[in-house]
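Asks: Single-letter residue listing:
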Amino acid sequence: MRFLFKTDYEDDIRLFPHSGYVVSYGVLLAVLLIAPYVLSSYLMSQLVFVCIYATVGVALLILTGFTGQASLGHAAFLAIGAYTAAYLQKYNVPFPVYFLVAGALTGLIGAIVGFPALRLQGIYLVIATISFAFIVEEILARWESVTNGNEGMRVKALSLLGVTVSRDSPTFYFLCLAVLVLTIVGTLNLLRSPTGRAFVAIRDSETAARSMGVNVALYKVKSFAISAAITGFAGVLFAHKLSFISPEMFTLQLSIEFIIVILIGGTFSLHGAVLGAIFIVMIDPFLTYLKDDLPGIIAGIAATFGAGTQSAANIHSKVAAFASLNGLKGAIYGLIIVLFVLFEPLGLYGRWLKIKLFFQLFPLYKRATFKRQKIYVKSERNR
Amino acid sequence: MSYFRAENLSLHFGGLKAVDAVSFAIEKGEILSIIGPNGAGKSSIFNLISRIYRPTSGRMFFEDQDITEQPPYDIARLGIARTFQNIELFENATVLSNLLVGRHRHSTTQLWQELLFLPSVRANEKVHRRRVEQVIEFLDLEPYRDKLISGLPYGVRKVIELARALCSEPKLILLDEPSSGLNVEETDDMSFWIRDLKNELGITVLMVEHDMSLVNRVSDRVIALNYGRVLAMGSPAEVQQHPDVVAAYLGA
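Those protein sequence lines, which keep their order, are chains C and S. Numbering of the first sequence is given in this note's numbering, commencing with residue 4 and proceeding in unit increments. Numbering of the second sequence is given in this note's numbering, commencing with residue 486 and proceeding in unit increments.
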């Protein structure tokens, strides 16, 4: 185990507390850089989605994890970014321009959505953001002159500096990775400066934040705007990756997926957004695999335990029917959320920290280390 | 002209007069205590000064500036810091970042500078951290620097609240029951620190307190309240002997 002796204020400020971090993140970056030349095109495509989901996850973490303002409207922000890109592309606006415009516009709309948040708390805010998402979805379906309505819009491959970058090329992956890394670094910078601390202060006690000189309204709007802008950037990449966008892609289920990203990853650290993104992107192929293979496996097991051919086939068709039920995916997502909230509230990253600590303290690890105890319960809070 | 002045300050909730035409003044560099039975309106006065409540009528002046209409976050910027009776710390953050929030009124950097973490932001951060470190040393909080608030005992949290208020380098500090929930030794420490606030740091103190021994030890002047009205004002001994105060505490 390594003991850090802090001799300078710089020790608390720097991004990598010690050389070990530099080495491990360096290795990770190297692996990510050679990935497109090693992995199959399917896995590469999944990795691009991980980057996009993780970017949205970081955006949602800023708002929900650090500022404490829940949002179920991030699919709408993603849609605004994606549609801005698709619309501007029709008029031959170059990629860097519409990329920035999409982010700025989404940020502006995020700020506007932030205003009702000044008066709403908890579940009411969630409802407000859901209604915002529905409004956006409806606008996308009805405003046919711009969005092409339910027919959706085709998104051409992006061209960067005159070179066409196909959505399956390594360059597109590097672009997504760069956006993710820049988002993470920017967020970390924010968190170690006054704005980030003001966000956390608002999350934990608005009254105290106010009496310390934090303009709560301003910082809530800032948090909404930043979160929305990042999601808008991710939306542009999302549109290019899918090459076709339509309103039914940006439904409530997508917003819930983003919530799952941070809930499963862990809401207290940016690592959580990335781990959660990996989880949510990888669960889809896993579910498809189950859907295709589970009936066969179960029928096979039944057959080995002496079920006749007839009844094995019967079981096969019943399981297959169950596995392809409508809405099963949503139910599984719901189950995952419930199980995580009950048994792993700190998420995957929290689990990772526990495993790490276990090995660091090897024979001395105590299970109660991560137990949160309520020593003092607040009686009245002036909100 | 006095340092802080409240004129006919009133706070009514419907028919209930929580604070009723209270006038008082604080001189620069003094420790003024407000005492009174439960529900006398002591904490309400604090919440009026820090603008959590809007006064029904009356005016407040700080350094000859009318602060009655200032938004709550501007009160801290003027140099008035406060602590809370029911600790309001940022639970899921470390002690250090709690104290750094106290420095918020001194932050000058813009959002875009912070996103890039420009050298100016870095330099500012170091100044903030140096100041915070001085407060940590003043209040002996070294062992808790990197601990999460949620894991700390009540007595320590109480001190951290004081520390967070001090980090904003206030001119006037409002202490809402600094000794509630503290044991005898902790109360002793608190009384020394409150004296030090005045003598070493030159901060003016307005304090709400129930513990009369602490009030007697540290206060220069005392105001006694009951039902939102001022009963008596003067030195600790005078106020305690005042017949109205005795009646309010013991019954007529």
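No wet-lab data here; the hints were simulated from the structure. Backbone N, C-alpha and C fix where the C-beta goes; we use that ideal spot for every residue, glycine too. Mixed in with the good hints there might be a few duds.
[As the list claims (entries may be wrong)] Here are some chain S residues the structure puts well away from chain C; computed CB gaps all over 12 angstroms:
(1) L501
(2) S542
(3) F575
(4) S592
(5) T593
(6) L624
(7) E646
(8) A650
(9) E671
(10) N711
(11) V715
(12) Q725
(13) G736
[Said to hold, decoys possible] Okay, the calculated beta carbon distance ranges per label pair:
(14) C:Y94 to S:P604: 37 to 43 angstroms
(15) C:G125 to S:A732: 41 to 47 angstroms
(16) S:P604 to C:L293: 17 to 23 angstroms
(17) S:Q619 to C:I133: 45 to 51 angstroms
(18) S:E627 to C:L18: 43 to 49 angstroms
(19) S:P604 to C:L32: 21 to 27 angstroms
(20) S:L686 to C:R122: 58 to 64 angstroms
[As the list claims (entries may be wrong)] Covered stretches of chain C (chain S as the covering partner; in silico rule of three or more C-beta atoms under 8 angstroms from a C-beta of chain S):
(21) 5-17
(22) 183-196
(23) 212-220
Asks: Take the hints in turn and mark each one as holding or not.
Replies: Each hint tested on the structure:
Against chain C, the non-interface label of S:L501 holds: every CB pair exceeds 12 angstroms, the least being about 16 angstroms. Every CB of chain C is more than 12 angstroms from the CB of S:S542 (nearest about 21 angstroms), matching its label as outside the interface. Consistency note on S:F575: stated as away from chain C, yet its beta-carbon is not over 12 angstroms from all of that chain's, at 4 angstroms minimum. Its closest Cβ contact with chain C, about 4 angstroms, brings S:S592 to no more than 12 angstroms, contrary to its assignment away from the interface.
Not every CB of chain C is more than 12 angstroms from the CB of S:T593 (nearest about 9 angstroms), against its label as outside the interface. Distance check for S:L624 against chain C: the nearest CB is about 17 angstroms away, which clears 12 angstroms, and the non-interface claim stands. With a cut of 12 angstroms on Cβ distances, S:E646 falls inside the contact zone with chain C, its closest approach being about 9 angstroms. Its beta-carbon lying about 8 angstroms from the closest one in chain C, S:A650 breaks the requirement of being farther than 12 angstroms from that chain.
Distance to chain C confirms S:E671 as a non-interface residue, since its nearest Cβ pair spans about 15 angstroms, more than 12 angstroms. At roughly 21 angstroms from the closest C-beta of chain C, the C-beta of S:N711 stays outside 12 angstroms, upholding its exclusion from the interface. The Cβ of S:V715 lies farther than 12 angstroms from every Cβ of chain C, with a closest approach of about 24 angstroms, so its non-interface assignment holds. Once the 12 angstroms rule is applied to beta carbons, S:Q725 is consistent with being away from chain C; the minimum gap is 29 angstroms.
No Cβ of chain C approaches the Cβ of S:G736 within 12 angstroms, the least distance being about 27 angstroms, so the stated non-interface status holds. Distance hint for C:Y94 and S:P604: a CB-CB separation of about 40 angstroms, consistent with the stated range 37 to 43 angstroms. In this structure, C:G125 and S:A732 meet the distance hint of 41 to 47 angstroms, their C-beta atoms being roughly 45 angstroms apart. Judged by the Cβ atoms, the range 17 to 23 angstroms given for S:P604 and C:L293 is violated: they are separated by roughly 53 angstroms.
S:Q619 and C:I133 have their C-beta atoms about 47 angstroms apart, which keeps the hinted 45 to 51 angstroms range intact. Judged by the Cβ atoms, the range 43 to 49 angstroms given for S:E627 and C:L18 is violated: they are separated by roughly 25 angstroms. In this structure the supplied range 21 to 27 angstroms holds for S:P604 paired with C:L32, their Cβ-Cβ distance being about 25 angstroms. A hinted range of 58 to 64 angstroms for the beta carbons of S:L686 and C:R122 is inconsistent with their spacing of about 38 angstroms.
Counting residues of the region 5-17 of chain C whose beta carbon lies closer than 8 angstroms to any beta carbon of chain S gives 4, which meets the minimum of three for the stated coverage. Proximity of the region 183-196 of chain C to chain S, defined as three or more residues with a beta carbon under 8 angstroms from a beta carbon of that chain, is established by the 5 residues found. Coverage of the region 212-220 of chain C by chain S holds. Counting CB-CB distances below 8 angstroms, 8 residues qualify, and the rule asks for three or more.
Checked against the numbered hints above, the structure breaks hints 3, 4, 5, 7, 8, 16, 18 and 20 and satisfies the rest.
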